[in-house]
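Asks: Starting from the known structure of chain Z, fit chains Y, G, D, X, C and F onto it as the hints suggest.
Chains as they are written, first to last, in the numbering used here: chain Z, 1 to 88; chain Y, 1 to 88; chain G, 1 to 88; chain D, 1 to 88; chain X, 1 to 88; chain C, 1 to 88; chain F, 1 to 88.
Think of the hints as simulated: they come from the structure by calculation, not from any bench.
In this text the structure is predicted, and so the values were computed from the model without any measurement.
Be aware that one or more of the hints could be misleading.
What the hints assert, rightly or not - 35 Å max Cα-Cα, derived DSBU-like pairs, lysine-lysine:
1. D:Lys34 <-> C:Lys38
2. C:Lys17 <-> G:Lys24
3. D:Lys24 <-> G:Lys38
4. G:Lys34 <-> Z:Lys38
5. Y:Lys34 <-> Z:Lys38
6. F:Lys38 <-> G:Lys24
7. G:Lys38 <-> X:Lys24
8. F:Lys32 <-> F:Lys17
9. G:Lys34 <-> Z:Lys32
10. G:Lys34 <-> G:Lys24
One-letter residues, chain by chain:
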Amino acid sequence: MSEEGIASQLLQESIGKNVLVKLKGRRSVRGKIKGFDKQMNIVITEATEIIEQQGNNNNNSEKKEQEQESQVGDVLIRGDNVITIAVL
Amino acid sequence: MSEEGIASQLLQESIGKNVLVKLKGRRSVRGKIKGFDKQMNIVITEATEIIEQQGNNNNNSEKKEQEQESQVGDVLIRGDNVITIAVL
Amino acid sequence: MSEEGIASQLLQESIGKNVLVKLKGRRSVRGKIKGFDKQMNIVITEATEIIEQQGNNNNNSEKKEQEQESQVGDVLIRGDNVITIAVL
Amino acid sequence: MSEEGIASQLLQESIGKNVLVKLKGRRSVRGKIKGFDKQMNIVITEATEIIEQQGNNNNNSEKKEQEQESQVGDVLIRGDNVITIAVL
Amino acid sequence: MSEEGIASQLLQESIGKNVLVKLKGRRSVRGKIKGFDKQMNIVITEATEIIEQQGNNNNNSEKKEQEQESQVGDVLIRGDNVITIAVL
Amino acid sequence: MSEEGIASQLLQESIGKNVLVKLKGRRSVRGKIKGFDKQMNIVITEATEIIEQQGNNNNNSEKKEQEQESQVGDVLIRGDNVITIAVL
Amino acid sequence: MSEEGIASQLLQESIGKNVLVKLKGRRSVRGKIKGFDKQMNIVITEATEIIEQQGNNNNNSEKKEQEQESQVGDVLIRGDNVITIAVL
Chain Z
1 MSEEGIASQL LQESIGKNVL VKLKGRRSVR GKIKGFDKQM NIVITEATEI IEQQGNNNNN
61 SEKKEQEQES QVGDVLIRGD NVITIAVL
Chain Y
1 MSEEGIASQL LQESIGKNVL VKLKGRRSVR GKIKGFDKQM NIVITEATEI IEQQGNNNNN
61 SEKKEQEQES QVGDVLIRGD NVITIAVL
Chain G
1 MSEEGIASQL LQESIGKNVL VKLKGRRSVR GKIKGFDKQM NIVITEATEI IEQQGNNNNN
61 SEKKEQEQES QVGDVLIRGD NVITIAVL
Chain D
1 MSEEGIASQL LQESIGKNVL VKLKGRRSVR GKIKGFDKQM NIVITEATEI IEQQGNNNNN
61 SEKKEQEQES QVGDVLIRGD NVITIAVL
Chain X
1 MSEEGIASQL LQESIGKNVL VKLKGRRSVR GKIKGFDKQM NIVITEATEI IEQQGNNNNN
61 SEKKEQEQES QVGDVLIRGD NVITIAVL
Chain C
1 MSEEGIASQL LQESIGKNVL VKLKGRRSVR GKIKGFDKQM NIVITEATEI IEQQGNNNNN
61 SEKKEQEQES QVGDVLIRGD NVITIAVL
Chain F
1 MSEEGIASQL LQESIGKNVL VKLKGRRSVR GKIKGFDKQM NIVITEATEI IEQQGNNNNN
61 SEKKEQEQES QVGDVLIRGD NVITIAVL
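One chain only, chain Z, in its complex shape:
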């Protein structure tokens, strides 16, 4: 179970499936995994980029989180930005 490939294994099984990749800096990319490499660089097709625009320092107690979505086609994610990858 502790073999080196748990990340690769999950990513390999997810090829062609929809995933949500959460990135540092309150960004996410949603789409289909086309490929990946050892550094966890990932190519997502039919990608949607999501930027959370949290009302951080305002005087709002409700603090609604707003998201800004944009279609970006094919996108390469540099692996060191990845926090989590969830299979949808």
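Replies: Only chains Y, G, D, X, C and F this time, still in chain Z's reference frame:
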């Protein structure tokens, strides 16, 4: 006691158990460990993602911490985001 | 699919094409890829640099995001700043 | 004195002793060291997690620091979060 | 095109030319490249250091960006601070 | 002069002397160096930990810096937090 | 020109000369270079530490930058904090 595997050892013993993985950026993932690798990449099943939404800069002296939880199924955590892993 | 070259492959196919490179620190560079290397250092020609100027801590509920663009000719991007590369 | 093992030496001598491990991001873990490895990954038993909740940007000149403590049993700390380890 | 030297190639061609090196932390250095090495450490002669002083959290909707410039003669830039290098 | 050991040399000469180790995150540790290793991990005895509590975002033009000191006995500092080490 | 030693070369030529070393976190050290090593660890003698205290989030449009200087004798700077080194 200082052998290289203390992290692997605790993670190996925790396979199938519930853990709480605290991540940088005020995120956590709670669920069952399915696997892990040397970089501390971890696959969690039946995962719940928790985002702390701390009222940082507001004029509230009470400063209630709010958490936002969401079910995410299977999730791969990139190891370099891990702060602590607690066995529940 | 998990061969080492997914990043290189996408970049190689994108030579001469327009891309949008998102960088850490709310910067982006848009232009044509002229070349790249293993560290994901990228040379962009006919480049436009975009700096997002988000009204972060103000009392504005609308929170319009403003962008500041400037033409920069040829620009070398150091790879470790890259978040995503989208083919336009 | 400059042999490679000063960190290992102090940690080895501290096995079974109470320590306070200060982490990046204003967190600490207090408890008994059960084990550690070369990356300074540490397993703490009977652990208490402490989160400092500093009133950073408020209009309080007193600026009382509040701490939030929680019992977490066994916890694995990823080494690259460690700032200091004090023997109690 | 994906040979290892794209960064070196652009820097080598830029020896003696004016460049603008953007650094992390809202700093830049403008001047002539005298030399560089594999870590992208760069020596700039006739250098001007530029610090952006952005009015971040104020109640100004105009948000004028102010720059503070200072002549610094010869300056060595440590490579890991570099974001982009533009040939002027 | 550019031999690899300038850091080790200064630290070796400082064994048993009082130093002030400035750390990232506005922390310092003052005390006697007992030992160190290649990663600049340092063990300080008779240590005092100092946390700067700067009034960052308040409406105070005076901006008095306050320090919070605590005696911590023996403390291990993880090297990658070190900014500067001054011999007292 | 692209030989590996541009950083070492400038530092070697600067031994005994006054330099201003700018560090991450709005700190600088001014003084004479006594020595350095491959990681860009630097020992400065007759050192003055400078901390910029920028009035970041206040309602001041003037935004005067204040500096706090202190004499620190001999100081070792850990290389990964260095942004720039200017020969004075």
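Asks: Now, for every hint given, state plainly whether the structure supports it.
Replies: Against the structure, the hints:
1. D:Lys34 <-> C:Lys38: 25 Å, holds
2. C:Lys17 <-> G:Lys24: 42 Å, violated
3. D:Lys24 <-> G:Lys38: 31 Å, holds
4. G:Lys34 <-> Z:Lys38: Roughly 25 Å between the alpha carbons, so the hint for Lys34 of chain G and Lys38 of chain Z holds.
5. Y:Lys34 <-> Z:Lys38: Distance of about 20 Å is within 35 Å: holds.
6. F:Lys38 <-> G:Lys24: 27 Å, holds
7. G:Lys38 <-> X:Lys24: OK: Lys38 of chain G and Lys24 of chain X at ~22 Å, within 35 Å.
8. F:Lys32 <-> F:Lys17: 5 Å, holds
9. G:Lys34 <-> Z:Lys32: Measuring from Cα to Cα gives roughly 27 Å; hence the hint holds.
10. G:Lys34 <-> G:Lys24: 21 Å, holds
In this structure, only the earlier hint numbered 2 is contradicted, and the remaining ones agree with it.
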